[in-house]
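2 protein chains.
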Amino acid sequence: MSKPAIPKGTRDFLPHEVRKRQYIFDTIRQVFELWGYQPIETPAVELLSTLMGKYGEEGDKLLFRILNNGDFLAKADREALQLMDSYRLALSIAKRGLRYDLTVPFARFVVMHQHQISLPFKRYQIQPVWRADRPQKGRYQEFYQCDADVAGADSLMYEAELLQIYDEVFRRLGLKVRIKLNNRKILAGMAEVVGIADHFTAMTTAIDKLDKIGWEGVRAELAQRGIGAEAQTELQKLLHTAQLDALAPLLENSELGRAGIEELRTVWAYLDGITLHQHLSFDPTLARGLSYYTGCIFEVVVDTDAHPSIRMGSIGGGGRYADLTGIFGMKGVSGVGISFGAERIYDVLEALDLFPQGLTQALQVLFVAFDRDTHRFAFRQMSALRQAGIAADLYPEPTKMKKQMKYANALGVPWVILVGEDELKSGKLTLKNMQSGEQSAHSLDEIIAILRASK
Amino acid sequence: MSKPAIPKGTRDFLPHEVRKRQYIFDTIRQVFELWGYQPIETPAVELLSTLMGKYGEEGDKLLFRILNNGDFLAKADREALQLMDSYRLALSIAKRGLRYDLTVPFARFVVMHQHQISLPFKRYQIQPVWRADRPQKGRYQEFYQCDADVAGADSLMYEAELLQIYDEVFRRLGLKVRIKLNNRKILAGMAEVVGIADHFTAMTTAIDKLDKIGWEGVRAELAQRGIGAEAQTELQKLLHTAQLDALAPLLENSELGRAGIEELRTVWAYLDGITLHQHLSFDPTLARGLSYYTGCIFEVVVDTDAHPSIRMGSIGGGGRYADLTGIFGMKGVSGVGISFGAERIYDVLEALDLFPQGLTQALQVLFVAFDRDTHRFAFRQMSALRQAGIAADLYPEPTKMKKQMKYANALGVPWVILVGEDELKSGKLTLKNMQSGEQSAHSLDEIIAILRASK
Chain A
20 MSKPAIPKGT RDFLPHEVRK RQYIFDTIRQ VFELWGYQPI ETPAVELLST
70 LMGKYGEEGD KLLFRILNNG DFLAKADREA LQLMDSYRLA LSIAKRGLRY
120 DLTVPFARFV VMHQHQISLP FKRYQIQPVW RADRPQKGRY QEFYQCDADV
170 AGADSLMYEA ELLQIYDEVF RRLGLKVRIK LNNRKILAGM AEVVGIADHF
220 TAMTTAIDKL DKIGWEGVRA ELAQRGIGAE AQTELQKLLH TAQLDALAPL
270 LENSELGRAG IEELRTVWAY LDGITLHQHL SFDPTLARGL SYYTGCIFEV
320 VVDTDAHPSI RMGSIGGGGR YADLTGIFGM KGVSGVGISF GAERIYDVLE
370 ALDLFPQGLT QALQVLFVAF DRDTHRFAFR QMSALRQAGI AADLYPEPTK
420 MKKQMKYANA LGVPWVILVG EDELKSGKLT LKNMQSGEQS AHSLDEIIAI
470 LRASK
Chain B
20 MSKPAIPKGT RDFLPHEVRK RQYIFDTIRQ VFELWGYQPI ETPAVELLST
70 LMGKYGEEGD KLLFRILNNG DFLAKADREA LQLMDSYRLA LSIAKRGLRY
120 DLTVPFARFV VMHQHQISLP FKRYQIQPVW RADRPQKGRY QEFYQCDADV
170 AGADSLMYEA ELLQIYDEVF RRLGLKVRIK LNNRKILAGM AEVVGIADHF
220 TAMTTAIDKL DKIGWEGVRA ELAQRGIGAE AQTELQKLLH TAQLDALAPL
270 LENSELGRAG IEELRTVWAY LDGITLHQHL SFDPTLARGL SYYTGCIFEV
320 VVDTDAHPSI RMGSIGGGGR YADLTGIFGM KGVSGVGISF GAERIYDVLE
370 ALDLFPQGLT QALQVLFVAF DRDTHRFAFR QMSALRQAGI AADLYPEPTK
420 MKKQMKYANA LGVPWVILVG EDELKSGKLT LKNMQSGEQS AHSLDEIIAI
470 LRASK
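As they're listed, the protein sequences go chains A and B.
Each position in the first sequence, counted from 1, maps to that position plus 19 in this note's numbering.
Each position in the second sequence, counted from 1, maps to that position plus 19 in this note's numbering.
A couple of the hints might just be wrong.
Pairs involving identical chains hold if they fit within one copy or between any two copies, as the list cannot separate such chains.
What the hints assert, rightly or not - Within a straight-line C-alpha distance of at most 35 Å, the following computed DSBU-like cross-link-like pairs (lysine-lysine) qualify:
{"id": "1", "residue 1": "419", "residue 2": "73"}
{"id": "2", "residue 1": "94", "residue 2": "73"}
{"id": "3", "residue 1": "425", "residue 2": "350"}
{"id": "4", "residue 1": "350", "residue 2": "22"}
{"id": "5", "residue 1": "228", "residue 2": "156"}
{"id": "6", "residue 1": "474", "residue 2": "27"}
{"id": "7", "residue 1": "114", "residue 2": "156"}
{"id": "8", "residue 1": "94", "residue 2": "156"}
{"id": "9", "residue 1": "27", "residue 2": "94"}
{"id": "10", "residue 1": "350", "residue 2": "421"}
{"id": "11", "residue 1": "22", "residue 2": "73"}
{"id": "12", "residue 1": "447", "residue 2": "228"}
{"id": "13", "residue 1": "425", "residue 2": "80"}
Calculated from the structure, these hints are not laboratory results.
The following block holds chain A by itself, in its conformation from the complex:
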């Protein structure tokens, strides 16, 4: 028998890990709910016709495909078989795949359930997705996404409230972050003004790498795409203008640029008079790479002034996409949304020791008994504690005290109750504080009061 294993890029989660992950998801969920977002769930397994062509050529290759059940070769593409063409053959032997993100399933959901929902539809979704990326540190093939999106409204109020959600979630998590805001129309306006509008994708792709390759690298990449030195310099000047009021006159000649400036001003106006706890700023160099965004774009990074030990890419991102559901034949539905990088947030909270104390200790008390009769007595006492809302357990056998205390220590349980013959007779139980080592005798009701107070 070979040693059991799990697929590369997947993980098991031990209890303390599940609880920490749950804490992050719960914090995000509670804020989503306060902001009026409603939960939906979609199946892990989608039709490949839903998924393919939505994530670019590279994305298609990273889809996990599920082999059709039964005699799948009966309907296989014979020519692809003869040519030994794996990619083509897959199209005929796998009609389903695993969810790759939560946005495409959401768009499909809105179209399929358009008569059961009311627009604007504010939904959140916290579910795993699967990508056949090469596994590496911090990158998994199965991981969770936490998304909130609004479908069916153009109002910039939603941009403002999604920024507030970032602000509030990270405040609750005790993490200082920088929230960056830009607008793809401003980038488009820059491209127009500089005269490289037909190189817009190359431009945003290059700018997106600024953090990694620096200005020299960006300029080199722009040059490679045939963008001249003068245009590069002009663009760099615009990208350095991080004040909306200073940038506005420079983009005056571009209709798109003016629209982008105006949109950001409206978002700021909504946030006027509202206290934010995090640093929020306009960042003209924020590009969000090859994304499908058309309006405002957001990104969240850890504030390295507050947390200098942290080296981490973005822990959240999102934006406005003018056409959410067009890919599924429903026109005129705009979308705007944000996503939390839960896996990275976990690593940051762990590194900074920001998980709440006691989060991973659910069991409050372990009973220890010494013979058959005290064991059964202890079982009844334990049941009363559980009914009183106190998580309790009993070592399964009345064995040696040492062995039972070792188990108590392994569980990290803060209290132990010893049940011997004396306790059975007197009805008073011996309660031991595992941290101080102190012991005292109490009735069950007293113990319930003590344990409730110590929660």
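With chain A held as given, fit chain B onto it using these hints.
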């Protein structure tokens, strides 16, 4: 463009459905936690070497297999290709599959993490599983399992507490159920006493169908397997003896039978003096079919005396398996566990209207504004409500009142706050109770107090 769809046997969940499912999962989770069970999670994607051969030949066929990424044909079994043997080819082009249940992954988890956990290890797991069953009413290809299991202890205390967990969960859900208890050793003892020990599997398989095919059907099936009429009659007599004390002397000649009786008596002894809210009884006809159980077995059905309108199979089941981890090379680890049929429980609660009132209404108040200035003012007021822990929203545009109220009604929101010019000037907002239609003017603090009290 074709209409979007999802694979057969899968489902989307609308917000009210997610909330109802979450209520069931939360109820089960809270009880698991009080009883000292800890959460683990395992990946949806397992190696097929972990899954295959664990669920019988039929189970292997129902596994969802994931096509290897990249040029999978390069390593394909050439002979299987030439023979067009789908089943054999699959072995060479798919090394991963979707989780089929939570027990096999748990066994794998215990073996892989044996040095990170302490035995007895009490875990619960609430995650989806996938089976390529033919979809039909109430049967899905992707569905949730909710399991609690103990690994590494023989103590019958766990059988007793798992029965308590059933009792408590269904009490909390407001559902009257019957919990049935038997022991595979008693069934084995019966087979020995009747002289059909070598037909044990056939016997349990037949008994398992009793509810569907009746005694005549069971006898016919036993006859088919070569079991004579006299043995059938004797067995039927034993199966009708639903009192442990009456059955004990009849099984006296079977060591297994005596052990089974003794085990059940120990379970009863643990439960002595403990109040149960549900009907718990020994049922010698409970067999749990082709399962791998070796000791106590459990099953839960809706109490049709209390809920005569419900026709539903079992909504929970479980038992003891002497060897949990042997399949992965770790000997001597006993397991016992229970499972909740969450999908069926959902249908029953829905049919009986047992979901709590207000469960599906999270949003408490919708702001309605009438021009740009009141809209931005309303946005700030709404933010204050959210910060005060009240789920609030604002219609995205200051449009016609009728349209905004229609949205409020569609959301089912209990309160609306109207913000017009008067409200902007006076600072008093108009609060409307959507059920009574009553309106009154209040400060924001007053509104916070009213909404908190009305939760």
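Taking the hints in turn, this is what the structure says about them:
Proximity of residue 419 to residue 73 under the C-alpha cut-off of 35 Å is found in neither arrangement, the shortest distances being 62 Å within a copy and 37 Å between copies. Taking identical chains as interchangeable, the C-alpha atoms of residue 94 and residue 73 lie at most 35 Å apart whether they share a chain (26 Å) or sit on different chains (29 Å). Taking CA atoms no more than 35 Å apart as the test, residue 425 paired with residue 350 passes between copies only; the shortest distance there is 23 Å, against 64 Å inside one copy. For the identical chains of this complex, residue 350 and residue 22 are inter-copy neighbours only, at 13 Å across copies versus 53 Å inside a copy, given an alpha-carbon limit of 35 Å.
Taking the shortest Cα distances, residue 228 and residue 156 sit within 35 Å of each other inside one copy (20 Å), while across copies they are farther apart (51 Å). Taking the shortest alpha-carbon separations for residue 474 and residue 27, neither the intra-copy value of 39 Å nor the inter-copy value of 47 Å comes in at or below 35 Å. Taking the shortest Cα distances, residue 114 and residue 156 sit within 35 Å of each other both inside one copy (31 Å) and across copies (23 Å). In this assembly of identical chains, residue 94 and residue 156 lie within 35 Å of each other by CA distance solely across copies; the values are 28 Å between and 40 Å within a copy.
For the identical chains of this complex, residue 27 and residue 94 are neighbours both inside a copy (31 Å) and across copies (19 Å), given an alpha-carbon limit of 35 Å. In this homomeric assembly, residue 350 and residue 421 come within 35 Å of each other (Cα to Cα) only across copies, at 25 Å, whereas the closest approach inside a single copy is 70 Å. Within a single copy, residue 22 and residue 73 get their C-alpha atoms only as close as 39 Å, which misses the 35 Å cut-off; across copies the closest is 16 Å, which meets it. With identical chains, the CA atoms of residue 447 and residue 228 are never at most 35 Å apart, being 68 Å at best within one copy and 50 Å at best between copies.
Taking identical chains as interchangeable, the C-alpha atoms of residue 425 and residue 80 are never at most 35 Å apart, the minima being 51 Å within one chain and 45 Å between chains.
In the structure shown, a violation is registered for the earlier hints numbered 1, 6, 12 and 13, in ascending order.
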